[in-house]
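Colleague: Protein chains in written order, with my numbering: chain A, 1 to 333; chain B, 1 to 333; chain C, 1 to 333; chain D, 1 to 333.
Quick caveat, the hints were computed from the structure, so don't treat them as lab data. All values derive from a computational prediction rather than experimental measurement. Any given hint could turn out to be false.
[Stated by the list, open to error] With a straight-line cut-off of 20 angstroms between C-alpha atoms, the simulated SDA-like cross-links for lysine to any residue are:
#	chain 1	residue 1	chain 2	residue 2
1	A	K317	D	G316
2	A	K270	B	A259
3	D	K317	A	V319
4	B	K286	D	Y47
5	A	K134	C	P250
[Stated by the list, open to error] Covered, in the sense of this in silico footprint (three residues per stretch, anywhere, with C-beta under 8 angstroms from a C-beta of chain C), are these stretches of chain B:
#	stretch
6	140–150
7	189–198
8	317–328
[As the list claims (entries may be wrong)] A short list of chain A residues far from chain D (calculated; beta carbon distances all over 12 angstroms):
#	residue
9	K85
10	S139
11	P159
12	G203
13	R272
14	G318
No residue lacks a Cβ here, since even glycine has one placed at the ideal position from N, Cα and C.
4 protein chains.
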Amino acid sequence: MLNIGVIGCGAIGRDHIRRLHDLVPGAEVVACADYFQEAADKVAAQYGIRAYASGEELIAAPEVQAILITSSDDSHAGYVLEGLKHGKYIFCEKPLALNAADCEKIIEAELKHGKRLVQVGFMRRYDRGYAEMKRIIESGELGAPLMIHACHRNVSQGPGFKTEMGITNVAIHELDICRWLLGDEYKSAQVLKVRQSSLSNKGYDNPQIVLLETQNGCRIDVEVQVADGYGYDIQCQVVCEKGTINLPDPYAVVKRANATRSFPILTDWKDRFIEAYDIEMTEWVKSVENGKLTGPSSWDGYVACVAGDALNNSRGKGVFLPVETIEKPELYR
Amino acid sequence: MLNIGVIGCGAIGRDHIRRLHDLVPGAEVVACADYFQEAADKVAAQYGIRAYASGEELIAAPEVQAILITSSDDSHAGYVLEGLKHGKYIFCEKPLALNAADCEKIIEAELKHGKRLVQVGFMRRYDRGYAEMKRIIESGELGAPLMIHACHRNVSQGPGFKTEMGITNVAIHELDICRWLLGDEYKSAQVLKVRQSSLSNKGYDNPQIVLLETQNGCRIDVEVQVADGYGYDIQCQVVCEKGTINLPDPYAVVKRANATRSFPILTDWKDRFIEAYDIEMTEWVKSVENGKLTGPSSWDGYVACVAGDALNNSRGKGVFLPVETIEKPELYR
Amino acid sequence: MLNIGVIGCGAIGRDHIRRLHDLVPGAEVVACADYFQEAADKVAAQYGIRAYASGEELIAAPEVQAILITSSDDSHAGYVLEGLKHGKYIFCEKPLALNAADCEKIIEAELKHGKRLVQVGFMRRYDRGYAEMKRIIESGELGAPLMIHACHRNVSQGPGFKTEMGITNVAIHELDICRWLLGDEYKSAQVLKVRQSSLSNKGYDNPQIVLLETQNGCRIDVEVQVADGYGYDIQCQVVCEKGTINLPDPYAVVKRANATRSFPILTDWKDRFIEAYDIEMTEWVKSVENGKLTGPSSWDGYVACVAGDALNNSRGKGVFLPVETIEKPELYR
Amino acid sequence: MLNIGVIGCGAIGRDHIRRLHDLVPGAEVVACADYFQEAADKVAAQYGIRAYASGEELIAAPEVQAILITSSDDSHAGYVLEGLKHGKYIFCEKPLALNAADCEKIIEAELKHGKRLVQVGFMRRYDRGYAEMKRIIESGELGAPLMIHACHRNVSQGPGFKTEMGITNVAIHELDICRWLLGDEYKSAQVLKVRQSSLSNKGYDNPQIVLLETQNGCRIDVEVQVADGYGYDIQCQVVCEKGTINLPDPYAVVKRANATRSFPILTDWKDRFIEAYDIEMTEWVKSVENGKLTGPSSWDGYVACVAGDALNNSRGKGVFLPVETIEKPELYR
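All chains should be modelled from the sequences, with the hints used to inform the complete structure.
Modeller: Here it is, written out as structure tokens:
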């Protein structure tokens, strides 16, 4: 049994605790913490586990063997660095940090251990659809990949959501999955401003269009919406030399009624990749038991942040900016 | 120019007149008639053509070279026989007659002319979807056909609509298209009673299930609904030894909105096969000009009636009844 | 931890062992047995568990708390009765028995315990598609259910497969899921012979069409194929008064290539409902831990057998036969 | 009857002649001409019409009331100007001219007549899918339009096809249809270079990505491929504030075989919008008879050329270039 402590008892935190408790063999959630003590206490009572007064105390606790970080985005990097100090395995929800500089610190700290300790929550890699797309691309049956057309649409945006977060919190999933699908790295990036949707908050750029060019010359466009008014809708098409492949829409009952043939679209992001989350956690626990992480690494979290920074810097400039990373350490090859 | 007289100025009649006038080269509607004189007068005024006091007068008029019958079902056989007396080309909307006996009279009358003069309005044969299905079946690429699963659903039923009409007026399209698709003839038939839908009139059997067996042993099931509450929906799947083929849903814009991905379903039967109707009329006029009819014949109208009679006779009996026709005259081979 | 012994180390047995081992929290497979000793030994070696010389010994072993029966169909009833003798929890793959009489013995034996001990492997009830269909039907939003059109198609048939097994081993899934979806019971049943597919073994009736009528007057048709030549394809449409709902095709990457837009169809039945199997096992283990079974019961296994017997008896008779069960014991309500 | 002379007897020319002859009431093709005299002679013999030695002679012939230009792209502008000299109605296939300057000359010449004489062959406006999309956008039910994602893919490229022609001959359909759908005008444009597909000719940029910004701030991206290796595939999604709408894939029989559910994709561009071509010609002839053109105008042909020029000028520059037109004459409002 792997004893896990969870920092952050919000929606995604509670969902992961339920998942680890109900569905993941070999996992035992033994501790939790939250910025709001009551949130942690409530979860602790529900599961009969211990609530710690702070993430740092939880990390230091001897009973905690591995740490799951699902706290607010701005606290991720700090907890990861703290966890690394204690040499513990860490699963950190995306983003790994708010900017590339903090990711570099994490990489530096992890390198000292000479082994991977950190996994980042890019769960889409565990989705059967994306995995099959990668398999087809790598099989070469459709020739080389040339382009990706993607979109990431959320129903509505929370208060305080800033334009930059459309990139660093939302499109970051595409920033990871596109390079993973292509087996390629980014060369340049640009974000385009679009006529503002009246469903989005005043002063916020929504939608945005993300444009990326890869080292191999592939082009990627991602429509990013934080208030599309209709659903949580993730689309991805990879165009290869001989054909295209599309991420499927979710498995959903078809209805014919009211002069309409219809398929439901999910509205809660937690449901869209629920099976991927289940596999992600099961695989993470198994890989920790084996002492060898296999999921998305600090490096993956770092590259997504570098691309995100380039995109946010490009806003309003009308040109592509370079996406430049430090040299990739041997550990992540 | 082919001078056409139209008997019956209801919905389908007016639709065909518009079609012949606007879209069919070589056709000229010169006359009309209707049981309700005002209906004929209105159409006559709109198109600047002559309204006759009766179908019989229209048929006899020298200016009328060909006759289009779109009057009420019970009057079809009479007008067809009258047209045959005058040796004129006749396009008769389905059904050719209310029963097999009347169809036999028509065949007898037509045979005396030694050539085909009558075409029946089984327009689905001109639909690109059904035509492609027939092409695939006949190509043999999927092996021999084994079964057809079909459904014919109307939104709502008119007043005075009787259970038998669900077969003779509604399912009659399937009675024609299935044997045409399979290149096979019916051997036996049975209709099944289903729990009554509360959307249908009291005392009326709706839905009904039509079961047919062909000479080659193929099985056909057709769900027939005259009040499905949601749309005019025609489905047809042919199951062959190595695979299946389906009639497509109509060409229709896909919408994503309100947590739903949706395709509109038509509600008016006139729209579902509108392109097939256009082709049907164009081909009919062309074949009359060539002096050699190529569309569905009196024989096809007759066989559909024979099968319909067997189905209506089987109601409540719990067994399959034979579908027995007279010998097929050479003219229709 | 629930210590489970598995009888039957064939394809489905090994798949369930892998599942229990890798994915089901709280489950531990501790023993196995197989008619072919080597099969059991091989599995035992792979998982480091004990292979018993017979199912009976495994059932009697004190270390075995619950029994999973995945042996050949004709041995199911015997092992279930043996397990009941020992008062152990039993999960039995479908069919519960080869005929209704054996099911009645099981029910009798289970009733003596005053509680449910047996669950039958009708995993489709755990599929998200079927579950959503049931939810929609029961919500009443589409009015009362009227009909089910279904098909069950297997790629190819094994040697020695008999016509009757198309019902008792194949269509049995539909015999369970249809009454579950409708919340209704069968009244009569008839199987129709179809032109034989050349892909099926000589002398075997394939395809077959299953017709069922329910107490409420609903009609069900199920196309059953054991050698369709193209895939493992399960379709189900429920027609309600105001509309229809369809079981979705599986989540699958869409490809555009070679002048074709295509979706893969699975060919291995183990993959089609893989998520349902995962949930089924997880829920079963949980319900055993809670001491209260919630999944498909002996009664459900019995009713499916009764309907199957009626269907097999009806073959060639040309009429519907009644589906008659004993009175439903309180335990199963 | 409208007597039509056709200049250009290549694929599209012959297709239009067939269409006018077989399907368009009120049209009579009376003359043809082609740069290759034999091509014209062959068509003339087939239809029993007169072949002229040159386009100019055909245009001048008194028997020719209206001119259909389907010759090579570089000859379009010359013939249109010649036709305008004679004050005849002209239908010119796209593009109206090779560049904006020539279009301006045409506009100038047409303005002297004080009425529209020229229609440009942007047949997609007659497609039922695009028409329905425009209806939905204008209905406002989905809020304001924000973006268009489109792609235009051809199977293979002809010899001598230059990079610029990917814009002026291929993407020109999107350059017309997008502003028509949005009821908006272009503000700036940029073309992006993509990793070259090995299926395209050496030295040719394929694929290309067209980016457009409209006066209202909408963003448009169009993937342009002249050698996609799999089919003639036209996609278009309009993203509005509350949802999206997609151009449907063509009406096509669904097949289940060989472990695949598949829909055919057309490979010949003449088939994709065949119904739109039929309607286009029928409507053109009708509008000429009425003396009032209603289809795409010289202005529409001009704007498409202006946007195309901006795109071709932007190649390799890495920035958006302005799309600037002359003031729109009253005649085209």
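Colleague: Confirm or reject each hint.
Modeller: Evaluation of the provided hints:
Only pairs whose Cα atoms come within 20 angstroms are accepted, and A/K317 paired with D/G316 is accepted, the gap being roughly 17 angstroms. Between A/K270 and B/A259 the alpha-carbon distance is near 15 angstroms, which keeps this suggested pair within the 20 angstroms criterion. Between D/K317 and A/V319 the alpha-carbon distance is near 10 angstroms, which keeps this suggested pair within the 20 angstroms criterion. Distance check on the hinted pair: B/K286 and D/Y47 sit about 16 angstroms apart at the alpha-carbon level, within 20 angstroms; holds.
A C-alpha spacing of about 18 angstroms is found between A/K134 and C/P250, which places the hinted pair at or below 20 angstroms, so the restraint holds. With a threshold of 8 angstroms between beta carbons, the proposed coverage of the stretch 140–150 of chain B by chain C holds, since 5 of its residues qualify and at least three are required. Counting residues of the stretch 189–198 of chain B whose CB lies closer than 8 angstroms to any CB of chain C gives 7, which reaches the minimum of 3, so the coverage claim holds. For a cut-off of 8 angstroms, the count of residues in the stretch 317–328 of chain B with a CB near a CB of chain C stands at 3, and the three-residue condition holds.
The claim that A/K85 lies off the interface holds: its Cβ sits roughly 43 angstroms from the closest Cβ of chain D, which is beyond the 12 angstroms cut-off. A/S139, annotated as away from the interface, keeps every beta carbon of chain D farther than 12 angstroms; the closest lies near 16 angstroms. Once the 12 angstroms rule is applied to beta carbons, A/P159 is consistent with being away from chain D; the minimum gap is 20 angstroms. Every CB of chain D lies more than 12 angstroms from the CB of A/G203, the least distance being 15 angstroms, so the non-interface label holds.
For A/R272, the shortest C-beta to C-beta distance to chain D comes to about 17 angstroms, beyond the 12 angstroms cut-off, and the non-interface label holds. Distance check on A/G318: its Cβ comes as close as 6 angstroms (rounded) to a Cβ of chain D, failing to clear the 12 angstroms threshold; non-interface status is violated.
Against the hints set out earlier in the document, a violation occurs for number 14 only.
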